[in-house]
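Use the sequences and the hints to build the structure in full.
Everything in the sequence shown is counted per UniProt numbering, starting at 1 for the first residue and increasing by one.
For the record, the hints were derived by calculation from the structure and aren't laboratory data.
Remember, predicted model here, so these are calculated numbers, not experimental data.
Computed list of lysine-lysine pairs in DSS-like fashion (alpha-carbon distance at most 27 angstroms, straight line):
(1) Lys93 / Lys117
(2) Lys18 / Lys106
(3) Lys93 / Lys2
(4) Lys117 / Lys106
Listed next, with one range per pair, are the computed distances between beta-carbon atoms:
(5) Glu159 / Glu229: 18 to 28 angstroms
(6) Asn227 / Ala128: 22 to 32 angstroms
(7) Asp215 / Gly104: 32 to 42 angstroms
(8) Asn227 / Gly261: 18 to 28 angstroms
(9) Arg125 / Glu241: 36 to 46 angstroms
Using N, Cα and C, we set each Cβ at its ideal position, and we do this for glycine too.
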Amino acid sequence: MKIIGYSSNLYGWSERWKSDGKAVDWRAIFRACADAGLDAVEIDADAGQLALLREFGLAVSASYVGLQLHGDYDAVEAGALPAAERLAAAGGKELLVNADPYGGWKQPLPKPEDLVKRQGDNLSRLAARAEADFGLRLSLHNHAADRHNAEADLRSVVEFADPAVGLCVDTGWSHVAGCDPVGWVRRYPERIAAFHLRNQRGGVPAEDLTEGDIDFRALADAMADANYEGWLALELWHPRETMPARSMEEDVRRSLAMLRGLVGERT
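Take a look at the structure:
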């Protein structure tokens, strides 16, 4: 296992800023990310945010785009390529795409099999375009909160997409959906291209990675056996139900300390 570095998405940071009664201030957030020990962040690498994060020595590990992947391919491509171009210009290599649910986010329905297959085909076409035009690797991030749709999105990659399409395993959402993120890494090691890491207590996000239902030691073993080489990205998120006792910065430090220890034991 060879880790490029440690990153974080920014949704959890901005939501925590809001819940603490603070206006979202990206310079302050990027400073806190750097102070907490992160090497990079996941952003849509527009010029303004890119300039800010570079003030604090942070890289861009990936960009994340939500798309109706089961829909018309031209719309999928139109939604993804501008972010891909910005990511490549910023020196990033990982384009993460999220599958919008069938029926919409407010009332997701079981994704029909024909649309699962179409999603796989669209992913294959988008992966080829992202690699050819921008030198990017494309991965599907799992976000479905129910088992049927989580497994349907997984199958759109492992059964219906070209081998160039990877998986970004989100540990939190897979657990919420009743799936086993460790099992996914064990079954599909050749597909694992990225991670979003969050622990859970049932359906409630844990405050950091150190406690919760997910066995991160077992996950690290699976990563090592898969010879994973890439970023490890945190996706800590503190909704009201989490009742955090510490700052986001401290929770990131605690999580990174655990991850570095697990990685160090396996390299």
